[in-house]
Amino acid sequence: MNPVQAVGRSTLGMVRTAGAVALFAGRGVAAALSPPLFLGQLWRQLAQIGYFSLPVVGLTAVFTGAALALNIYTGGGRFNAEQIMPQIVALGITRELGPVLAALMLAGRVSAAIAAEIGAMRATEQIDALKTLSTDPFRYLVAPRLTAAVIVLPLLTVVADIIGIAGGWTVAVASLNFNGALYVKNTWDFLQSWDVVSGLLKAAVFGFIVALMGCYHGYNATGGARGVGRATTHAVVSAAILIFASDYLLTSVFSHK
Amino acid sequence: MTGPQTMGAAPKLELRGVKKRFAGKVVLDGVDIAVERGRSLVIIGGSGQGKSVTLKIAIGLMRPDAGKVFVDGRDVTRLGGAGQRQLATQFGMLFQGAALFDSLSVWENVAFRLLNADKVKRPEARDRAVAALGRVGLGPDVADLYPGELSGGMQKRVGLARAVAAEPAILFFDEPTTGLDPINADVINDLIVEQVKRLGCTAVSITHDMVSARKIGDEIAMLHNGRIVWRGPTAEIDSSGNAYVDQFIHGRATGPITGGV
Chain F
201 MNPVQAVGRS
211 TLGMVRTAGA
221 VALFAGRGVA
231 AALSPPLFLG
241 QLWRQLAQIG
251 YFSLPVVGLT
261 AVFTGAALAL
271 NIYTGGGRFN
281 AEQIMPQIVA
291 LGITRELGPV
301 LAALMLAGRV
311 SAAIAAEIGA
321 MRATEQIDAL
331 KTLSTDPFRY
341 LVAPRLTAAV
351 IVLPLLTVVA
361 DIIGIAGGWT
371 VAVASLNFNG
381 ALYVKNTWDF
391 LQSWDVVSGL
401 LKAAVFGFIV
411 ALMGCYHGYN
421 ATGGARGVGR
431 ATTHAVVSAA
441 ILIFASDYLL
451 TSVFSHK
Chain X
39 MTGPQTMGAA
49 PKLELRGVKK
59 RFAGKVVLDG
69 VDIAVERGRS
79 LVIIGGSGQG
89 KSVTLKIAIG
99 LMRPDAGKVF
109 VDGRDVTRLG
119 GAGQRQLATQ
129 FGMLFQGAAL
139 FDSLSVWENV
149 AFRLLNADKV
159 KRPEARDRAV
169 AALGRVGLGP
179 DVADLYPGEL
189 SGGMQKRVGL
199 ARAVAAEPAI
209 LFFDEPTTGL
219 DPINADVIND
229 LIVEQVKRLG
239 CTAVSITHDM
249 VSARKIGDEI
259 AMLHNGRIVW
269 RGPTAEIDSS
279 GNAYVDQFIH
289 GRATGPITGG
299 V
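Quick note, the sequences are listed as chains F and X, same order. Following our numbering from start to finish, the first sequence increments by one per residue and tops out at 457. Following our numbering from start to finish, the second sequence increments by one per residue and tops out at 299.
FYI, nobody ran anything at the bench for these hints, they're computed from the structure. Each residue gets a CB set at the ideal place from its N, CA and C atoms; glycine is no exception. Check each hint, because a few of them may be wrong.
Taking CB as the label site, the calculated pair distances span [claimed, not checked]:
#, chain 1, residue 1, chain 2, residue 2, range
1, X, A169, F, F444, 22 to 30 Å
2, X, A120, F, I441, 54 to 62 Å
3, F, L237, X, E187, 51 to 59 Å
4, F, F444, X, Y184, 33 to 41 Å
5, F, A247, X, G55, 47 to 55 Å
6, F, A222, X, L142, 51 to 59 Å
7, X, A291, F, I441, 15 to 23 Å
8, F, L254, X, K157, 32 to 40 Å
9, X, G279, F, L237, 15 to 23 Å
10, F, L237, X, G86, 37 to 45 Å
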């Protein structure tokens with residue numbers, strides 16, 4: 201094939217997909233913001249997406265905080281600035297690693313689960329069945345997941361921030377001879393509310409991405425079991441890429457503040 | 039505006055000149071078919087002849103590329119959103135694989151429309167679901183099980199109970215006996231006939247099971263190559279004089295229909 205043609209074709213494909221995702225997102229948001237809402241479904245998703253993600257997010261945060269502390273201590277040591285470690289760890293966790301890592305864990309855990317569940321419902325005609333029972337799948341399936349993820353990921357990020365900083369604290373106190381109380385005080389005095397809030401805003405956007413990718417790929421799954429497998433992979437990969445891309449965009453917007 | 043002359047005489051459901059193609063391949067090539075109120079129509083035809091697509095277009099799960107769908111003489115082809123959901127309150131459908139919601143218990147499946155679209159209170163919805171289960175020969179002990187715990191035949195019964203629970207005006211059956219042994223298939227056929235009679239509703243089924251078609255249909259139509267090639271009362275199917283119908287109902291490998299696999 202002519203290389204120009206190939207570039208044109210894949211560009212058209214990307215534009216088409218972007219349009220389809222945008223339309224899907226628009227329908228999902230409209231369904232989430234107008235009645236009838238399925239609060240029972242929302243409640244279930246809050247538990248499913250939020251509560252059951254706590255262990256994995258907590259574990260990721262504690263080890264990341266600990267490793268970050270060690271690395272920054274080493275780096276700081278090159279400028280005789282080891283003592284600034286707690287502040288940098290706190291900044292790194294609240295502004296960047298807390299939201300991004302929580303979002304990535306959710307992309308693995310939740311995007312995949314959503315895509316598999318909705319994809320299987322598509323394959324077994326359960327989505328058609330919803331329509332014949334006068335129930336809009338966007339209201340019943342998509343909206344509760346989008347809403348739940350947008351609410352829950354900032355909350356998980358708060359948890360990740362606290363546990364991540366605690367991970368750094370543990371390493372600092374246990375093996376780097378920091379004073380525990382001073383560590384906490386330095387961190388607290390240094391952090392500005394915007395450090396935390398900007399991270400939570402990011403998290404809300406990431407939550408939307410995680411649920412949207414799961415729903416979109418699951419809803420459009422074709423071709424039985426193989427299609428469901430494909431949808432799951434696409435959901436996780438596209439969610440992860442979009443998380444990183446939007447992370448950069450949001451950070452560059454927020455850092456002007 | 040394009041509806042038939044008088045509303046009273048309008049068929050319950052009508053497809054007019056319906057065409058559909060997928061990826062360039064013509065699946066429906068101008069399907070014209072109407073069902074009178076209270077009649078049961080069975081559409082027969084081989085695999086890949088467009089039966090499922092016809093049913094999906096009739097119930098509004100898919101839009102035709104050309105042609106129109108009428109319910110009670112009203113053009114419903116381009117309904118969307120709320121209009122479609124409103125229209126669907128008249129419909130009940132039994133899916134080929136039952137399509138039960140596997141995260142919900144049996145009674146929540148049966149009462150799904152009552153709970154979610156009609157906002158009926160749970161105790162009342164449950165009572166109505168148990169009653170509907172009783173009508174398809176399932177006891178109240180089944181109500182709290184999950185679809186995954188049921189056999190294929192029982193899932194079909196639950197699917198039927200769900201389809202009839204809200205007393206629809208039109209029932210759709212997608213290959214109701216596929217995947218069932220002959221005895222269970224006959225049970226489902228009997229239940230279908232019984233429920234359609236009880237509700238006095240219009241029924242549209244698609245099947246390639248001739249035993250089922252004869253039992254549940256007042257009329258039979260044969261779909262071949264995306265068109266209706268024959269239609270008549272069930273009693274006349276053996277004397278249709280149509281080569282396609284003859285080959286199909288006798289299951290012959292040779293005839294005008296060639297290897298549609």
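| Within 47 to 55 Å or not, the Cβ separation of F/A247 and X/G55? | Taking Cβ atoms as reference, F/A247 and X/G55 lie about 50 Å apart, which means the hint holds.
| query | Does 33 to 41 Å hold as the CB distance between F/F444 and X/Y184, or does it fail? | reply | holds (39 Å)
| task | Given the range 22 to 30 Å, decide if the beta-carbon distance of X/A169 to F/F444 lies inside it. | result | About 54 Å separates the Cβ atoms of X/A169 and F/F444, which means 22 to 30 Å is violated.
| task | May I ask you to test the hint 32 to 40 Å on the CB atoms belonging to F/L254 and X/K157? | result | holds (33 Å)
| Is the distance from the Cβ of X/A291 to the Cβ of F/I441 consistent with 15 to 23 Å? | With Cβ atoms ~52 Å apart, the hint is violated.
| request: Starting from the hint 51 to 59 Å, judge whether the C-beta atoms of F/A222 and X/L142 obey it. | output: Violated: the Cβ-Cβ distance is about 32 Å, outside 51 to 59 Å.
| field | Supplied distance hint 15 to 23 Å, evaluated on CB atoms of X/G279 and F/L237 | value | The hint (15 to 23 Å, Cβ to Cβ) is violated, given that X/G279 and F/L237 are roughly 58 Å apart.
| said: Given a hint of 51 to 59 Å, does the C-beta separation of F/L237 and X/E187 actually sit inside it? | reply: violated (30 Å)
| task | Look at the Cβ atoms of X/A120 and F/I441 and judge whether their distance stays inside 54 to 62 Å. | result | At roughly 36 Å between Cβ atoms, F/I441 and X/A120 fall outside 54 to 62 Å, so the hint is violated.
| task | With respect to the beta-carbon atoms only, verify the hint that F/L237 and X/G86 lie 37 to 45 Å apart. | result | holds (41 Å)
The structure is inconsistent with the numbered hints 1, 2, 3, 6, 7, 9, although it conforms to all the rest.
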